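Asker: Please model the entire structure based on the sequences and the hints provided.
These protein sequence lines are chains A and B, in that order.
For the first sequence, the residue numbers in our numbering are 10 to 121.
For the second sequence, the residue numbers in our numbering are 36 to 146.
Hints in this document: simulated from the structure, not taken from any laboratory.
Since this is a predicted model, take the numbers as computed values, not measurements.
Using N, Cα and C, we set each Cβ at its ideal position, and we do this for glycine too.
Be careful, since some hints might not be right.
[As the list claims (entries may be wrong)] Label-pair restraints from in silico Cβ distances: (1) B:Leu-115 <-> A:Asn-30: 38 to 46 Å; (2) A:Tyr-79 <-> B:Glu-134: 18 to 26 Å; (3) A:Leu-63 <-> B:Lys-53: 47 to 55 Å; (4) A:Ile-89 <-> B:His-76: 24 to 32 Å; (5) A:Gly-62 <-> B:Lys-53: 43 to 51 Å; (6) A:Phe-26 <-> B:Leu-115: 43 to 51 Å; (7) B:Ser-102 <-> A:Asp-17: 32 to 40 Å; (8) B:Thr-74 <-> A:Val-53: 13 to 21 Å; (9) B:Thr-121 <-> A:Glu-48: 15 to 23 Å; (10) B:Asp-88 <-> A:Glu-23: 45 to 53 Å; (11) A:Arg-28 <-> B:Leu-118: 35 to 43 Å; (12) A:Pro-121 <-> B:Ala-87: 45 to 53 Å.
[Claimed, not checked] If you want the ones that stay clear, here's a sample from chain A, every Cβ over 10 Å from chain B, calculated: (13) Met-20; (14) Ser-34; (15) Phe-38; (16) Phe-72; (17) Leu-83; (18) Thr-110; (19) His-120; (20) Pro-121.
For reference, the chains in residue letters:
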Amino acid sequence: GQGVEQPDNLMSVEGTFARVNCTYSTSGFNGLSWYQQREGHAPVFLSYVVLDGLKDSGHFSTFLSRSNGYSYLLLTELQIKDSASYLCAVRGTSGGNYKPTFGKGTSLVVHP
Amino acid sequence: EAAVTQSPRSKVAVTGGKVTLSCHQTNNHDYMYWYRQDTGHGLRLIHYSYVADSTEKGDIPDGYKASRPSQENFSLILELASLSQTAVYFCASSERGPEVFFGKGTRLTVV
Numbered sequence: 010g011q012g013v014e015q016p017d018n019l020m021s022v023e024g025t026f027a028r029v030n031c032t033y034s035t036s037g038f039n040g041l042s043w044y045q046q047r048e049g050h051a052p053v054f055l056s057y058v059v060l061d062g063l064k065d066s067g068h069f070s071t072f073l074s075r076s077n078g079y080s081y082l083l084l085t086e087l088q089i090k091d092s093a094s095y096l097c098a099v100r101g102t103s104g105g106n107y108k109p110t111f112g113k114g115t116s117l118v119v120h121p
Numbered sequence: 036e037a038a039v040t041q042s043p044r045s046k047v048a049v050t051g052g053k054v055t056l057s058c059h060q061t062n063n064h065d066y067m068y069w070y071r072q073d074t075g076h077g078l079r080l081i082h083y084s085y086v087a088d089s090t091e092k093g094d095i096p097d098g099y100k101a102s103r104p105s106q107e108n109f110s111l112i113l114e115l116a117s118l119s120q121t122a123v124y125f126c127a128s129s130e131r132g133p134e135v136f137f138g139k140g141t142r143l144t145v146v
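Answerer: Spelled out as structure tokens, the structure:
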């Protein structure tokens, strides 16, 4: 089966950085995605990683270690508007078809 | 732009009643999904489909049925609504790539 774990909450300060962690277990790994979800809205896709290492996308960077079942989303130069929930989603396969499994999400609060 | 439209956007249902949530996508995507979101549980997969006229059980299918009559439409049916099914429901679609596009959600309250 698949399991995705994230911490519930994270706080940081405007202008600094925040790292949102995600650990997972899956059979048939086909990549990991990160989504941002603002209160009362639908999740929005941010990034996708399938190879080990750090993928720098400017404000958002993502890291993946497949051997450890671990990923993180790094947000730099934080702004107040980055306060949101960040969801990790692992894409496994079931009978040859893609099946995304989401974590519970990490609620990030950015303080002035 | 990719679009997933859910209806209704909110609904109050009576315990034991039948509820149908509808979803329509204009993305021409093969995959469609129904998730529910509850505080403390995050997004949980109820049913999904990778082709018209076929549906698959997700992680929490009990108490729900799904129907995919065409590539564009995917419905979630609660035959006998229960209090525990009060939640926000999201429909989503994707291609074989990693990005999943979500609808705006349906807030269902069962009383």
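Asker: Now look at each hint and say whether the structure bears it out.
Answerer: Right, here's what the structure says about each hint:
1. Between Leu-115 (chain B) and Asn-30 (chain A) the beta carbons are some 40 Å apart, a value that agrees with the proposed interval 38 to 46 Å.
2. In this structure the hint that Tyr-79 (chain A) and Glu-134 (chain B) lie 18 to 26 Å apart at CB holds, the actual value being about 22 Å.
3. The beta-carbon spacing between Leu-63 (chain A) and Lys-53 (chain B), approximately 50 Å, falls within the hinted interval of 47 to 55 Å.
4. Under the hint 24 to 32 Å, the C-beta atoms of Ile-89 (chain A) and His-76 (chain B), about 27 Å apart, fit the expected range.
5. In this structure the supplied range 43 to 51 Å holds for Gly-62 (chain A) paired with Lys-53 (chain B), their Cβ-Cβ distance being about 50 Å.
6. A hinted range of 43 to 51 Å holds for the C-beta pair Phe-26 (chain A) and Leu-115 (chain B), which are about 49 Å apart.
7. Between Ser-102 (chain B) and Asp-17 (chain A), the C-beta spacing of about 35 Å keeps the proposed range 32 to 40 Å intact.
8. Between Thr-74 (chain B) and Val-53 (chain A) the beta carbon distance is about 20 Å. The supplied range of 13 to 21 Å therefore holds.
9. Range check, Thr-121 (chain B) to Glu-48 (chain A): about 18 Å between beta-carbon atoms, so the 15 to 23 Å window is met.
10. The hint said 45 to 53 Å for the Cβ distance between Asp-88 (chain B) and Glu-23 (chain A), and at roughly 51 Å that hint holds.
11. Range check, Arg-28 (chain A) to Leu-118 (chain B): Cβ separation about 38 Å, and the 35 to 43 Å hint holds.
12. For Pro-121 (chain A) and Ala-87 (chain B), the hinted distance range of 45 to 53 Å is satisfied, since their beta carbons lie about 51 Å from each other.
13. Annotated as non-interface, Met-20 (chain A) keeps its C-beta farther than 10 Å from every C-beta of chain B; the closest such distance is 19 Å.
14. No Cβ of chain B approaches the Cβ of Ser-34 (chain A) within 10 Å, the least distance being about 14 Å, so the stated non-interface status holds.
15. Under the 10 Å C-beta cut-off, the non-interface status given to Phe-38 (chain A) relative to chain B holds; the minimum distance is some 12 Å.
16. For Phe-72 (chain A), the non-interface assignment is confirmed: its Cβ lies about 16 Å from the closest Cβ of chain B, beyond the 10 Å cut-off.
17. In this structure Leu-83 (chain A) is separated from chain B by more than 10 Å, as the shortest Cβ-Cβ distance comes to about 19 Å.
18. Distance check on Thr-110 (chain A): its Cβ comes as close as 7 Å (rounded) to a Cβ of chain B, failing to clear the 10 Å threshold; non-interface status is violated.
19. For His-120 (chain A), the requirement that its beta carbon stay farther than 10 Å from each beta carbon of chain B is met, with the minimum near 22 Å.
20. The claim that Pro-121 (chain A) is not at the interface with chain B holds, since no C-beta of that chain comes within 10 Å of its own (minimum 26 Å).
Checked against the numbered hints listed earlier, the structure breaks hint 18 alone; every other hint is satisfied.
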